[in-house]
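K.L.:
Here's the letter readout for the chains.
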Amino acid sequence: MDIKELYQDIILDHGKNPRNKNKCKDFNKDAKGHNPLCGDKVHVYIKLDKEKKVEDISFEGEGCAISMASASIMTEIVKGKEFNVAKKILEHFLNMLKEGSKLSINSLTDDENTRMMSLSGVKQFPMRVKCATLAWHTFMHAVEGNRNTVKTEK
Amino acid sequence: MEIKSIKSQFPIFKNKINGKPLIYLDNANSSQKPKSVIERISKFYSKEFSNIGRSVHSLAVTATNRFEDTRDLVKKYINAKSREEIIFTKNATEAINLVASSYGENFIKKGDEILITELEHHANYVPWHFLRQKKGAVIKFAECNEKGEVDIDEIKKLISNKTKIIAITHLSNVTGAIMPIKKIVDMASKKKIPVLVDGCQGAPHLKLNMQELGCDFYAISCHKMYGPTGVGILYAKKKWVDILPPYQGGGGMIEEVKKDNITYPQSPTKYEAGTLQTAEVVGFSESIKFIEDIGIKKIMEHEKEILEYGLDEIKKNNSVRVIGDPKNRGSIISFTIKGIHPHDIATILDEDGVAIRAGHHCCQILHEKMGIAASARASLGIYNSKDDIDALSSAIKKCNKVFNS
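Sequence lines, in order, name chains F and E.
The opening residue of the first sequence carries number 772 in my numbering; numbering runs sequentially from there.
The opening residue of the second sequence carries number 553 in my numbering; numbering runs sequentially from there.
Calculated from the structure, these hints are not laboratory results.
There's no promise every hint is true.
[Stated by the list, open to error] Some chain E residues well away from chain F (every beta-carbon gap over 10 Å; in silico):
(1) Ser598
(2) Asn603
(3) Asn713
(4) Ile900
(5) His912
(6) Ala925
(7) Val954
(8) Phe955
[To be verified] Straight line, CA to CA, 35 Å or less: simulated DSBU-like cross-link-like pairs of lysine-lysine:
(9) E:Lys572 to F:Lys873
(10) F:Lys787 to E:Lys568
(11) F:Lys812 to E:Lys867
(12) E:Lys759 to E:Lys921
(13) E:Lys699 to F:Lys787
Backbone N, C-alpha and C fix where the C-beta goes; we use that ideal spot for every residue, glycine too.
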């Protein structure tokens with residue numbers, strides 16, 4: 772496949788200029804993720820309200836373009852969504868990366884869908900799937916209050 | 553030297569990677585295998601295989617002889633004094649663990665110092681860390697300078713009367729710095745401090761002469777020397793194998809077993825417990841023959857030429873930063889590209905069939921020192937040519953293009 776299918780403009784844009792890359796104010800949940808083999812590191816901060824809605828979310832970290840773009844896109848997608856909805860999106864996202872299935876989630880706008888789909892090229896690069904999923908797994912850890920650092924190497 | 557004819561001895565280069573010819577620049581990680589090595593393993597299993605050192609039937613005798621022939625070849629190749637000094641292990645990591653365990657158990661106590669450097673691969677740090685935890689020993693790191701080398705004075709100033717071993721790399725797998733082992737050994741031996749050399753990168757690229765080098769221990773990784781995986785070698789001076797206890801216990805390494813006592817034979821038998829990687833060791837004999845057929849001197853000259861060409865070419869690209877600038881450098885070019893993570897570099901290069909390594913190369917301490925989380929690394933082998941460097945350079949330009957378009 773063409774390398775541009777992996778490094779689509781959306782990914783390069785988010786990789787170079789990640790959105791929500793800071794420590795958001797008044798966060799009440801956070802977790803760290805580490806991809807020891809590659810050295811990708813993320814720290815996800817979430818302000819979760821009583822109804823488990825993601826009021827605000829941000830991240831800090833360093834890593835490859837795929838891991839940074841994925842973290843950036845994730846923060847944009849889940850901000851303002853209920854945790855259960857975010858969890859559903861993650862399931863579809865993982866299926867997309869593993870099985871190549873299309874995203875079919877009503878709660879995503881067309882634009883959000885496009886941003887998520889921009890990461891679908893990762894499926895052709897099995898060694899890089901963990902770069903794309905790191906931020907999402909870290910998000911889950913944060914919400915679930917798991918204090919262990921997410922590690923993509925088992 | 554006719555590189556094409558050397559390359560043609562390696563079946564892997566007949567394959568296409570992503571539709572492109574394979575440009576293999578990941579030799580510091582592991583080298584490819586010549587046909588002679590692959591065929592030797594096949595022949596051994598087809599015609600000569602049996603377990604060694606145990607049975608008296610004809611096959612067992614043949615297999616044992618072929619295995620021990622390899623030990624003799626290694627002894628000669630590295631100019632060890634005796635065959636007792638050549639111990640087969642599963643890899644260089646196990647060779648270092650053997651010393652950390654057998655030497656450490658007996659000679660290192662609380663507060664004693666183990667002197668290593670900031671250049672070390674994790675395989676020459678973690679085993680000593682185990683000892684630090686177990687015995688309360690102290691690990692001292694000789695500092696690496698901005699050129700990516702460790703000055704001998706940095707080692708000298710850390711030596712104290714508590715220093716019980718110096719463990720250093722022969723050739724850094726990140727900066728390519730070649731360490732002045734002989735000088736370090738001369739300095740250490742005046743204070744009766746044994747020296748272990750991690751020879752993983754040294755052995756495939758430098759002339760080995762243990763008696764001249766004078767070190768006490770030298771660890772070799774055979775799969776980086778065009779040999780099979782699963783084989784490492786520990787060279788250990790006779791004076792040490794005579795006194796250091798076994799590392800692992802099991803069959804094959806005993807002399808007499810009683811309910812109340814067990815005795816052990818001499819080295820190397822006492823260090824080689826259980827059934828060994830027989831076919832791979834026999835296969836490795838062909839790696840040595842392969843290297844000797846070309847000649848290590850010619851290999852060194854060729855690799856130096858390609859390395860210098862590679863450094864010149866890669867430095868022409870302004871976005872590239874080469875890691876380290878050691879005076880004496882061997883076969884390794886680690887680099888970063890401004891604004892592009894090493895893993896993205898490796899993925900983009902791979903599309904053009906260019907295989908490099910990206911990450912910290914098992915040297916987190918060194919990367920931290922250099923102020924980077926990871927780097928990309930192109931490492932050379934005997935089959936690499938200037939064409940491979942040209943392919944690397946144009947693939948790097950493609951990285952610039954993908955990321956800056």
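K.L.:
Which of the numbered hints above does this structure break?
P.N.:
Violated: hints 4, 5, 6, 7, 8.
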